[in-house]
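> Next come the chains, spelled out residue by residue.
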Amino acid sequence: MNNLITREDTNLVAKLARTIGASPKLATEASLAQAQAETNVRVGAAVSAGGMTIENLTAGFADFTAVSNISLEIIPNKITAIIGPSGSGKSTFLRCLDRLHEEVRGAWAGGRVLLCGEDIYAAGVDPVQIRRRVGMVFQKPNPFPTMSIYDNVAAGLRLNHFRRVPQLDEKVEQALRQAALWDEVKDKLQQSGAALSGGQQQRLCIARCLAVEPEVILMDEPASALDPIATLKIEELMRELAREYTIVIVTHNMQQAGRVSDFTAFLMMDEDRAGRLVEYGHTKQIFTNPKDKRTEDYITGRFG
Amino acid sequence: MRQRIMQRVGFALLALTSLIVVVPILLVVGIIVARGLNAVSWEFLTAMPREGMRAGGILPAIVGTILLTLGTALAAIPVGVAGAIYLSEYASDNIFTRSIRLAIINLAGIPSVVYGLFGLGLFVIFLRFGTSILAGSLTLAIMTLPIIVSTTEEALRSVPMEFRTVSASLGGTRWQGIWKIILPQAFPGIVTGVLLGLLRAAGETAPILFTVATFFLPRLPQSVFDQTMALPYHLFVISTQVPGMPMEIQYGTALVLLVLVLSLNLVATLLRSYFRRRRQW
Ligand SMILES: Nc1ncnc2c1ncn2[C@@H]1O[C@H](COP(=O)(O)OP(=O)(O)OP(=O)(O)O)[C@@H](O)[C@H]1O
Ligand SMILES: [Mg+2]
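Chains as they are written, first to last, in my numbering: chain A, 98 to 401; chain B, 20 to 300.
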């Protein structure tokens, strides 16, 4: 709680930076923090269930820094969109939030990521436990090919049980209902998940993720492989899920970010190709009244 | 026009080369079936050899080969599959694992008679197993291991990386993901590889020559420390070592060995196509 920057603090820092004529970079960082503080509808909200606080997150691969010094708060039960040009480190950032990033050989991360106030990168924290609390939906619909629809949804629960999972049927049905897929598949639960349409497959993957009962759901361009109708369906579903879950979505689709998210973070790479947070705020503000010229250029499609 | 003629000629040549591959196989199978079928009878399959193997059946050789193949499977499959899982899923790419891979490739190229001598030295003499089913199975297992390890590793690698990531993202440990998600997907490839390895073991003569096979033993083995007859060696013996051997029995024995090996092959093919129909991504 006490590590949250208050609005007064950041104003002060920004002012200070300006008066002492600090490097423009410091000034930007200060104003960034300011924008961030203004964003926080409920200061300290990130400490409650499903909230995340990211502090000075820097991550990369071997000697390459993919994201640099990112700090922001993920507000619980809201949808936060991450936008930015290709290669700006959106996926890397996202995968740091459930410690999936480190599965890649040579990958590293530094800084703090608090989930409900606890640092998931602290020594002694088991990444496996974190990933049960923070789920992920991927770009390409990827149901397990050898499993039926039912088994796909049950997969996450079965992974952690060597015996029978209690009330599995109920849990599978509930996850499928939450993913708005139940009515379409309830008569063919034993059929292969690969036989569904792309949009249905993606909702199956969402159900698979929900079945583990995470607190936060990360989605990396979940609709980019889908047609417009299936995309709308996923967006509708996300709005529905946001009642119970905290959602972070990476998207290339500006309209989608505008339609679906409550908050938007704009990442962009610097000259050194490391992705940095340029601006973070209410989606409405980012899209109608961006503070940073680069955000405006990106949103209006002038680059990226 | 000229191009089309060229293309025709090209295709004809290609067809011809594939014919060159097929013809000898068909000839071998055809001749063995044609000349051996008469010899194969219920008695031939279920009786002991008589009159210096010139009459009676080949039961001990059939049983011996089946037992040796089973023994090989028991010894080689767990070790080979576990080794492949380690290499593909856990080991990082360093000098140690590279030298293991290099060793596996080279082991696959060693002549089988060398394995036979190695088995003689290690199992028969040093470990005092004597010439026995145990020593023979272990020798065949060592010969089969490189095939099993490399095909299993191949099968595991053919499972797309993303499923390991998905499994991790669902909160599975590395091992849970391998056991419940990756292995089932790699299963058809593993089964095929394992069967192909065993196939080779079932048909080999040299590795069992010094470690288990016996010239003539008209009774069934009682324990793993017994010697036994085995089809490949028996075939060698009756074709070269026994004067006045009826041709029919030689071809009949060859036919039985061929059917045994080909049926393993058929099982591998059927399993593969069955699983291929079931998975799609
Ligand atoms: N496995 C990896 N090994 C090395 N570098 C990587 C790896 N994955 C990504 N990178 C690099 O990290 C940087 C950020 O990649 P990332 O995938 O996070 O970008 P992104 O913003 O998600 O891009 P996109 O919009 O195209 O998905 C890129 O420069 C990329 O080349
Ligand atoms: Mg990406």
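Wrong hints could be hidden among the right ones.
To be verified - A partial selection of chain A residues facing chain B, derived with a Cβ cut-off under 7 Å: (1) Leu197; (2) Glu199; (3) Gly203; (4) Asn239; (5) Leu256; (6) Gln264; (7) Leu265; (8) Lys268; (9) Val309.
As the list claims (entries may be wrong) - Residues of chain A clear of chain B, computed beta-carbon distances all greater than 12 Å: (10) Gly208; (11) Asn257; (12) Asp266; (13) Cys302.
Simulated from the structure, these hints should not be mistaken for laboratory data.
Built from N, CA and C at the ideal position, the CB exists for glycine as well.
> Would the hint on A:Leu256 be counted as holding, given a Cβ-Cβ threshold of 7 Å to chain B?
4 Å, holds
> Using the nearest Cβ pair, does A:Leu197 come within less than 7 Å of chain B?
6 Å, holds
> Using Cβ atoms only, decide whether A:Gln264 comes closer than 7 Å to chain B, and label the hint accordingly.
Cβ of A:Gln264 sits 18 Å from chain B, so the hint is violated.
> Just want to verify: A:Gly208 was marked as not at the interface with chain B; is every Cβ pair farther apart than 12 Å?
Given a closest Cβ separation of 21 Å, the condition holds.
> Hey, is A:Cys302 genuinely clear of chain B, shortest beta carbon separation above 12 Å?
8 Å, violated
> With a cut-off of 7 Å, does the beta carbon of A:Asn239 approach a beta carbon of chain B closely enough for the hint to hold?
5 Å, holds
> Holds or violated: is the Cβ of A:Asn257 farther than 12 Å from all Cβ atoms of chain B?
6 Å, violated
> Does A:Asp266 really sit off the interface, with its C-beta more than 12 Å from all C-beta atoms of chain B?
With a cut-off of 12 Å, A:Asp266 remains clear of chain B, as the shortest Cβ separation is near 19 Å.
> Given A:Val309 as an interface hint, is its Cβ closer than 7 Å to any Cβ of chain B?
6 Å, holds
> A closest beta-carbon separation below 7 Å is what the hint needs, so does A:Glu199 meet it against chain B?
With a closest approach of 10 Å, the A:Glu199 hint is violated.
> How about A:Gly203: closest beta carbon in chain B under 7 Å, or not?
With a closest approach of 10 Å, the A:Gly203 hint is violated.
> Does A:Lys268 hold up as a contact with chain B if the rule is Cβ-Cβ below 7 Å?
Violated, because the Cβ-Cβ distance from A:Lys268 to chain B comes to roughly 13 Å (cut-off 7 Å).
The structure shown violates the earlier hints numbered 2, 3, 6, 7, 8, 11 and 13.
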